[in-house]
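Visitor: The residues making up each chain are set out below.
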Amino acid sequence: MIIFLYKRLVINLDMFKIIEKKALNKDVSKMKIYAPYVAKYINPGQFIILRVDEFGERIPLTVHDYNRDIGTIDIIYQKVGLTTMKLDEKKEGEFILDVVGPLGKKSKINGYKKAIVVSGGVGSAICYPLAKALAENGCKVEVIAGFRNKDIIILEEEFKKIANNLEIVTDDGSNGKKALVTQPLLEKLSANPDYDLVFAVGPIPMMKAVCDVTGKFNIKTIVSMTAIMIDGTGMCGGCRLTVDGKTKFACIDGPDFDGHKVDFKEAATRSRTFAEEERKSREKYCNLFKGVNL
Amino acid sequence: MINNSKVKEPVNVQDPKERIKNFKEVELGFSDESAKKEAQRCLGCKAKPCASACPVGVDIPSFISKIANDDVKSAYDIITKNNSFPAICGRVCPQEKQCESKCVKGKMGEPVSIGRLERYAADKNLNNLPSNINISDDKKHKIAVVGSGPSGLACASELLKMGFKVTIFEALHTVGGVLSYGIPEFRLPREILDFEVQKLKDSGAEIVTNVIVGKSLKIDDLFKEGYKAVYIASGAGLPRFMNIPGEGLSGVYSANEFLTRINLMKSYKDEYDTPIVKPKKVLVIGGGNVAMDAARCAKRLGNADVTVVYRRTENEMPARKDEILHAKEEGIKFMFLSNPMKFFGAEGKVSGAKCVKMKIIDEDESGRKSVVPIPEETFEIIGDTVIVAIGNDSNETIKEASDGINFDGRGRIITNPETCRTSQPFVYAGGDIVTGAATVILAMGAGKTAAKQIAKDVLNHSG
Chain A
1 MIIFLYKRLV INLDMFKIIE KKALNKDVSK MKIYAPYVAK YINPGQFIIL
51 RVDEFGERIP LTVHDYNRDI GTIDIIYQKV GLTTMKLDEK KEGEFILDVV
101 GPLGKKSKIN GYKKAIVVSG GVGSAICYPL AKALAENGCK VEVIAGFRNK
151 DIIILEEEFK KIANNLEIVT DDGSNGKKAL VTQPLLEKLS ANPDYDLVFA
201 VGPIPMMKAV CDVTGKFNIK TIVSMTAIMI DGTGMCGGCR LTVDGKTKFA
251 CIDGPDFDGH KVDFKEAATR SRTFAEEERK SREKYCNLFK GVNL
Chain B
295 MINNSKVKEP VNVQDPKERI KNFKEVELGF SDESAKKEAQ RCLGCKAKPC
345 ASACPVGVDI PSFISKIAND DVKSAYDIIT KNNSFPAICG RVCPQEKQCE
395 SKCVKGKMGE PVSIGRLERY AADKNLNNLP SNINISDDKK HKIAVVGSGP
445 SGLACASELL KMGFKVTIFE ALHTVGGVLS YGIPEFRLPR EILDFEVQKL
495 KDSGAEIVTN VIVGKSLKID DLFKEGYKAV YIASGAGLPR FMNIPGEGLS
545 GVYSANEFLT RINLMKSYKD EYDTPIVKPK KVLVIGGGNV AMDAARCAKR
595 LGNADVTVVY RRTENEMPAR KDEILHAKEE GIKFMFLSNP MKFFGAEGKV
645 SGAKCVKMKI IDEDESGRKS VVPIPEETFE IIGDTVIVAI GNDSNETIKE
695 ASDGINFDGR GRIITNPETC RTSQPFVYAG GDIVTGAATV ILAMGAGKTA
745 AKQIAKDVLN HSG
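Those protein sequences? They're chains A and B, same order as listed. If you read the first sequence in my numbering, its first letter stands for residue 1, the second for the next number, and so on. If you read the second sequence in my numbering, its first letter stands for residue 295, the second for the next number, and so on.
Only true hints are included.
20 Å max Cα-Cα, derived EDC-like pairs, lysine to aspartate or glutamate: (1) A:Lys248 - B:Asp687; (2) B:Lys648 - B:Glu671; (3) B:Lys434 - B:Asp496; (4) A:Lys106 - B:Glu694; (5) B:Lys560 - A:Asp53; (6) A:Lys86 - B:Glu565; (7) A:Lys86 - A:Glu283.
If you only want the chain B side, here are some residues facing chain A, beta carbon under 10 Å, derived: (8) Ala465; (9) His467; (10) Tyr475; (11) Lys509; (12) Asp515; (13) Gly531; (14) Pro533; (15) Glu541; (16) Ser544; (17) Glu551; (18) Met559; (19) Lys560; (20) Gly642; (21) Lys643.
Hints are computed from structural coordinates only; laboratory data are not their basis. Bear in mind the structure is a predicted one, so any value in this text is a computation, not a measurement. Heads up, the beta-carbon is just placed ideally off N, CA and C, and yes, glycines get one too.
Can you make the complete structure from the sequences, with help from the hints?
Guide: See below:
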């Protein structure tokens with residue numbers, strides 16, 4: 001009983017503490033957070049929602065790695081908006097106010113023999129745990145990772161460890177080939193279309209382009225849809241998208257969907273619903289705390 | 295002294311012109327003097343028809359007579375024997391369909407203002423704990439409650455009274471469920487909710503936020519942690535959409551999302567980060583309390599032009615009468631016997647709705663009027679924001695909590711309504727996850743029923 005009470009007390013005191021923080025490049029950082037309720041049941045493909053402070057917005061973030069025994073999760077985030085900028089102000093040893101999860105359905109990883117995982121930018125953070133899980137399940141995994149330039153490449157070493165082949169491309173050719181991810185993808189599929197899965201995560205236009213390529217070869221393509229959401233449990237319906245003509249919620253029906261059936265055009269406009277408000281709040285934040293303009 | 299007035303004692307409300315600029319409470323409550331005068335209207339009927347129409351059986355004539363005799367503390371104690379949250383229920387119950395509908399005074403004029411008197415008694419005792427609460431430390435058995443909405447709170451409160459330890463698990467970061475994310479501050483100020491939640495904590499309840507039972511924890515984990523029983527009150531939080539073209543346009547919201555942005559995330563306040571688009575022309579689809587809440591919140595985001603589109607007539611609106619009245623005072627427009635067929639827009643953004651006129655044909659078995667479209671009568675209305683408030687289905691996340699619980703075809707947990715027992719031993723359920731979306735007070739009633747059964751079953755089993 002005393003041990004139980006002590007455990008409970010320690011759990012509460014450390015809840016959502018930042019155990020480690022590391023900048024992966026100037027835009028992207030990684031955090032290890034104590035969140036035992038998330039770590040206990042999380043699987044590749046699932047995500048969390050966090051709120052940095054009392055005034056904060058609830059945003060979904062992918063979980064890159066986890067340790068069930070010590071109750072920690074690793075998140076990788078790119079400083080693109082107000083919340084991720086505020087999150088990045090937090091130092092090791094400090095706390096995040098709210099972390100909840102695991103949310104969404106876990107990715108299906110069984111039954112594949114040969115797969116290509118295609119990531120765009122910080123989408124690698126979602127791709128890595130999936131690629132790792134596929135490899136551990138006996139699937140031959142090839143990875144195509146696209147980045148704007150060499151300065152923002154992440155997870156290169158991690159991917160190398162688990163992938164049969166890693167091809168990095170950059171928009172400007174500063175590392176690897178100067179190409180979009182669709183170019184090596186098309187080359188691979190043209191050479192040998194015997195893949196049974198393509199998994200793509202990145203900006204919406206990239207995922208759409210990947211699906212356009214794989215559609216020609218009729219290869220099953222799964223995309224992970226990040227949408228605007230508040231609760232993450234199906235209550236708000238903000239994350240809804242049209243898949244195969246039906247309304248689905250990214251938070252509870254996804255985030256993984258059959259990419260050949262997703263209405264990407266609608267998803268793109270819905271993701272920009274608050275673009276103007278978000279731009280204003282980002283500017284306000286930068287003016288207040290950084291003295292710089294974006 | 296008896297007050298023979300046929301009409302209710304008037305209550306102060308915020309001026310509509312002022313209140314559409316703020317989120318402060320609309321109704322300001324009775325003064326001591328008007329509460330006493332209103333209480334003196336009660337005939338004190340021996341048969342207590344009002345009490346029998348209360349889902350939790352509050353002894354209404356008795357508490358009202360205490361107010362008439364200036365003993366507001368006793369009035370509060372009488373109410374809280376049956377209802378631990380009178381400050382909430384006094385504000386949000388549909389009294390005109392429950393207690394006040396059976397008031398004898400109502401036959402020859404207006405019924406007694408039971409709801410406002412309940413609220414008065416509660417507000418005067420915000421710092422007092424409910425009667426017969428058991429705050430002793432020697433509680434043996436602990437019970438887990440899933441969800442901190444009205445049903446979970448009521449169940450927890452009853453269990454505490456009966457000497458159990460209680461932990462409430464809440465998925466969101468804030469306690470209260472629909473009381474927190476759904477009902478706006480101008481109907482239920484957050485400090486009132488906070489007072490009620492604090493009282494529950496003071497009575498010994500432990501509340502753990504950010505835990506989704508089904509995702510973060512399973513029912514088996516709770517039993518392993520030593521909980522003797524689990525009460526599931528996870529609500530009906532899955533917004534229904536109309537399944538018509540254009541619902542995926544940007545600017546079309548579920549009422550849940552729109553209200554959550556405002557009530558839970560406080561997006562209307564500058565210092566909060568959650569965004570909300572200030573609308574100019576708003577269409578709210580639906581006729582219930584949620585539709586009224588959404589319409590009035592939209593109005594407050596900068597005096598928007600707000601129209602409620604409802605497929606039946608005002609008489610069939612399920613919303614509380616006071617909310618409809620207040621909405622009208624605030625300049626909300628109503629378009630009855632109209633139903634959207636599709637939403638249209640440009641560049642992915644909504645700009646209006648094509649609607650069809652409806653006509654009443656018949657009454658269905660519940661006595662509610664059925665309507666059918668008149669296909670040749672269609673029209674268009676413009677709107678840069680559309681809020682769909684046509685109800686909620688049950689949220690199925692809870693299905694992942696346990697394989698031992700049986701659900702019906704609509705995702706609701708099957709229980710015996712007398713006992714709230716589910717198909718899994720020592721797991722109980724109540725509120726919207728069992729009944730589908732209903733009222734705060736019905737959910738509280740189920741919480742009470744479950745608490746009594748849990749106490750009986752757990753004590754029988756473990757002594």
